[in-house]
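Engineer: As they're listed, the protein sequences go chains Z and B. Our numbering applies: residue 367 is where the first sequence begins, and numbers increase by one. Our numbering applies: residue -4 is where the second sequence begins, and numbers increase by one.
Read the hints as simulated data drawn from the structure, not as lab findings. There may be inaccurate statements among the hints.
[Claimed, not checked] Capping the alpha-carbon separation at 16 Å, the derived lysine to aspartate or glutamate pairs in EDC-like fashion look like this:
#1 Z:Lys407 <-> B:Glu33
#2 Z:Lys386 <-> Z:Glu425
#3 B:Lys46 <-> B:Asp66
#4 Z:Lys407 <-> Z:Asp393
#5 Z:Lys380 <-> Z:Asp454
#6 Z:Lys407 <-> B:Glu36
Spelled out from the first residue to the last, the chains are:
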Amino acid sequence: GAVVSQHPSRVICKSGTSVKIECRSLDFQATTMFWYRQFPKQSLMLMATSNEGSKATYEQGVEKDKFLINHASLTLSTLTVTSAHPEDSSFYICSARGADHSPLHFGNGTRLTVT
Amino acid sequence: GQQLNQSPQSMFIQEGEDVSMNCTSSSIFNTWLWYKQEPGEGPVLLIALYKAGELTSNGRLTAQFGITRKDSFLNISASIPSDVGIYFCAGSSGNTPLVFGKGTRLSVIA
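Here chain Z stands alone, though its shape is the one from the complex (with noise of 0.2 Å):
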């Protein structure tokens, strides 16, 4: 079945300093990824969706130039957490679609602890 690899799986960093996180898809090509967050206990909420070859698409409430995604080719896209913060700590987790109607196949997220 379709592969969603994701990296790191953990990262602990210092305030004020970015992070990058990056998703794959290992054996499909995917035209479009999402990004999610997820707080304890709670259910997944969309960020943004990267579209490969453009900008990507910010939900309401994210800001863009906190949250910089680029999707540079049809297998990856990444998600960079810039000047974080303790409250950008969060459970990270991206998706994957290949062809339309496809179902999402998720990666096993990135547990963000800023510091």
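The hints should help you fit chain B onto chain Z, whose structure is shown.
Structural biologist: For chain B alone, coordinates are given in the frame of chain Z:
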């Protein structure tokens, strides 16, 4: 953003019991998906539904796409300890991003 109404929020059941959870929406969806998430991991797809009325099984799991296209249920038969986790429903229309339910936290008592 928009969310689905998923119930129950949590369940504590005895091993061997059957489980049922459901999701409803005020919007019509043309895709319903069910995922399971374990602690510290991303959601794993369990069942995908694409047609109103569709009933699909995956081992002990059975899910149905409601005829009105505004609801779906997931049943787990003869539960076992490894069924523990959070189950999410998700729906979409066309190529719109998935909308997720708030999850059903399942605990299985051996």
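Engineer: Now, for every hint given, state plainly whether the structure supports it.
Structural biologist: Here is how each hint holds up against the structure:
Taken as a hint, the Lys407 of chain Z and Glu33 of chain B pair is honoured in the structure, with Cα atoms around 11 Å apart against an allowance of 16 Å. Taken as a hint, the Lys386 of chain Z and Glu425 of chain Z pair is broken in the structure, with Cα atoms around 20 Å apart against an allowance of 16 Å. For a cut-off of 16 Å, the pair hint linking Lys46 of chain B to Asp66 of chain B stands: about 12 Å separates their Cα positions. Distance restraint check for Lys407 of chain Z and Asp393 of chain Z: the Cα-Cα separation of roughly 31 Å exceeds the 16 Å cut-off, and the hinted pair is therefore not satisfied.
Straight-line distance between C-alpha atoms of Lys380 of chain Z and Asp454 of chain Z comes to about 11 Å, which keeps the hinted pair within the 16 Å bound. Taking the CA atoms of Lys407 of chain Z and Glu36 of chain B, the gap is about 13 Å. The hint holds against a cut of 16 Å.
When each numbered hint is compared with the structure, violations occur for hints 2 and 4.
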